[in-house]
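Visitor: One letter stands for each residue in the lines below.
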Amino acid sequence: MADDRRRVLVEVQGVAKHYGTGDARVDALRNADLKVHAGEVVALLGPSGSGKTTLLNIIGCIIDPSEGRVSLDGERVFDNRWLRHDLRRLRLDKIGFIFQAHNLLPFLNATDNVALVLQLAGKSREQAQARAHELLEYLEVGHRARAMPALLSGGEAQRVAIARALANSPRIILADEPTAALDSTRAGIVIDLLRRLAAEQDACIIAVTHDDKILDRFDRRFFLRDGRLVPNSADAG
Amino acid sequence: MNLALRDVRHNLFRFVLTCLGLGLLMTVVLAMMGIYNGLVADALNIVKAPQADIWVVEAQTQGPFAEASAIPGATRDAVARLHGVAQAGSLTYQTVEAPFRDRTLRLYVIGYERGRPGGPQQIAQGRGLEAGHFELVADIKTGLVPGDTLVLGRKRFTVVGLVRDTMNSGGDPAVYITLADAQVLQTQLAPPAARVQAARGATAPAGPTVAAVIARLDPNVDPQTVAQTVRQWKHLSALTQAEQEDILVRSVVDKARKQIGLFLGILLTVSAVVIALIIYTMTMEKLKQIATLKLIGAPDRTIVGLIVQQSLALGVAGLGLGLVLILLVKDVFPRRVLLEPVNVVALTGIILVVCVLASGLGVRAALRVDPATALGS
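Read top to bottom, the protein sequences are chains A and B.
Note that this note's numbering has the first sequence beginning at 48, numbered continuously upward.
Note that this note's numbering has the second sequence beginning at 192, numbered continuously upward.
In case anyone wonders, no lab produced these hints; they're calculated from the structure.
None of these values were measured; they are calculated from a predicted model.
We put the beta carbon where it would ideally sit given N, CA and C, even for glycine.
Keep in mind that the hints are not guaranteed to be accurate.
Claimed, not checked - Derived CB-CB ranges, DEER-like: (1) B:D561 to A:E114: 19 to 25 Å; (2) B:L518 to A:D230: 54 to 60 Å; (3) B:D561 to A:E184: 31 to 37 Å; (4) B:R205 to A:G121: 44 to 50 Å.
Stated by the list, open to error - In silico DMTMM-like links for lysine to aspartate or glutamate, alpha-carbon gap of 25 Å or less: (5) B:K332 to B:E436; (6) B:K479 to A:E122; (7) A:K141 to A:D249; (8) B:K239 to B:D356; (9) B:K479 to A:D111; (10) A:K260 to A:D239; (11) B:K239 to B:D522; (12) A:K82 to A:D133; (13) B:K239 to B:E436; (14) A:K170 to B:D491; (15) B:K479 to A:D133; (16) A:K141 to B:D491; (17) A:K141 to A:E181; (18) B:K425 to B:E258; (19) B:K332 to B:D522; (20) B:K332 to B:D356; (21) B:K479 to A:D140; (22) A:K82 to A:D258; (23) A:K141 to B:D561; (24) B:K449 to B:E258; (25) B:K346 to B:E288; (26) A:K170 to A:D140; (27) B:K479 to A:E224; (28) B:K446 to B:E436.
All chains, full assembly: derive it from the sequences and hints.
Guide: Below, the structure is given as structure tokens:
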């Protein structure tokens, strides 16, 4: 359950995103409000085209909103002060991404996939390798450190992808259907793992999901319908 | 972490296969450059071989390489007596076909006076002509070896030595024989034809003719001055060495040179398009990975580096392979393939520029990729 006294990591206020103008205008997201605190694991639910990915892209600084305010870890973004490379740096430092299809770079082994993010952030090769090994051990895939992505099972690849997302100790982790490629048992394990990470690293996790079997493992659930964000009435937050 | 190198290692077989294809293309480009150079060099080599300063030829002709030229054999004495002339020698040129074993050799026969200018420059194997008759020195491309004999006209000649890179502008390898033998070869008729001529009462030519007389001048003597003196004899014309070379390149091999030059241009254009296409396709196939890189915060220079470095690696490897292949097979070509270091440097420059430009297309596409495409939902 969310605790308002804890630090707010993601704050979305009156955010809208529309494409086109006039009769051709499409409202992908309308007047969305969302606050996510450190340690929280939040689900975004909704049918295809409801605006889940649009909201995730806005929080991930990939697309800018048409209206509204977004603050990440207390810092307001998209207020005309941010340049593209600043947003890239923000993504690198503060946000970790977990993808539906893990999206590991096929030409790097598990360790290097994780170490790459660290090296991009300015760590030396030795530091990056050491931290990558540490993360892979933590996520119980240390024995597959030298394996290429094509040789990893779905669960192993997703753990490596999670290790990559965690490499720079981001405060915000965005997951796009992280369990879509996994069976229900493994999906539960991954969500439990994310819950543990959120608690241990004081980070928040926002996950887009369609997976009914894991919904009860999230602290809060938000539904998106026709671009509108609606909190689940059963959730306290 | 060098992403370009890692990607190449990961897809090594494919990269090697692409390099092989590009290498073969580069082999063709380099071969065409070599053939172009060889054509010009061969044409000039035969002119340069006698190391002459002045060519004395028949009046109103462009010399023995451009058209027929016949001047009296005694011209050499007259030229040798001119002020400033150090040495003079008579030469004949003719093309013959000679049976040799089970094939026919097409030969460019050069007749020269032993001990005078016009003979072979450097003997590669065997020796030069020593006897007055029936010996020959052949270009190595004839396939003859010292000790071989072949019939020219009605006489059997023995090969005593070999030279390299001596052929006419048509690519026929040269053989050197004595001037006396060459003049007999020029005028001697087959026995039935000789009998018919005798029956018709035809008279023998007034005296032997030669195609040209070459002269080497004393130091500090102006070739144009000597040439001008010769031109005063109305039945003769004189060309300096530079003029003779110019005529050869400008008129004799000009069309072939332009043809190969144009083909080379087309080939380079095709190579550029192929390289651009390969690199663009390579980039397009990596768009999802590039989107992921952008999403996790990779700067543009990392992505640009990935594409440009792979592009340059491909170009350099293809060119290197092409160079190795052409060096291995160049002697198999019937005509000389002459590759100068400047050609390799120029082609390297062209390929590097093409690779950078081609990767520019890929870079443009990569930088336009929306990082959101990595999310894929």
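Visitor: Look at each hint and say if it fits the structure.
Guide: Now for the hints, and whether the structure bears them out:
| no. | hint | in the structure |
| --- | --- | --- |
| 1 | B:D561 to A:E114: 19 to 25 Å | 21 Å, holds |
| 2 | B:L518 to A:D230: 54 to 60 Å | 59 Å, holds |
| 3 | B:D561 to A:E184: 31 to 37 Å | 35 Å, holds |
| 4 | B:R205 to A:G121: 44 to 50 Å | 48 Å, holds |
| 5 | B:K332 to B:E436 | 23 Å, holds |
| 6 | B:K479 to A:E122 | 30 Å, violated |
| 7 | A:K141 to A:D249 | 12 Å, holds |
| 8 | B:K239 to B:D356 | 12 Å, holds |
| 9 | B:K479 to A:D111 | 21 Å, holds |
| 10 | A:K260 to A:D239 | 13 Å, holds |
| 11 | B:K239 to B:D522 | 22 Å, holds |
| 12 | A:K82 to A:D133 | 23 Å, holds |
| 13 | B:K239 to B:E436 | 8 Å, holds |
| 14 | A:K170 to B:D491 | 18 Å, holds |
| 15 | B:K479 to A:D133 | 22 Å, holds |
| 16 | A:K141 to B:D491 | 19 Å, holds |
| 17 | A:K141 to A:E181 | 20 Å, holds |
| 18 | B:K425 to B:E258 | 18 Å, holds |
| 19 | B:K332 to B:D522 | 10 Å, holds |
| 20 | B:K332 to B:D356 | 8 Å, holds |
| 21 | B:K479 to A:D140 | 22 Å, holds |
| 22 | A:K82 to A:D258 | 22 Å, holds |
| 23 | A:K141 to B:D561 | 20 Å, holds |
| 24 | B:K449 to B:E258 | 21 Å, holds |
| 25 | B:K346 to B:E288 | 14 Å, holds |
| 26 | A:K170 to A:D140 | 12 Å, holds |
| 27 | B:K479 to A:E224 | 17 Å, holds |
| 28 | B:K446 to B:E436 | 16 Å, holds |
Going down the numbered hints, you'll see the structure goes against just number 6.
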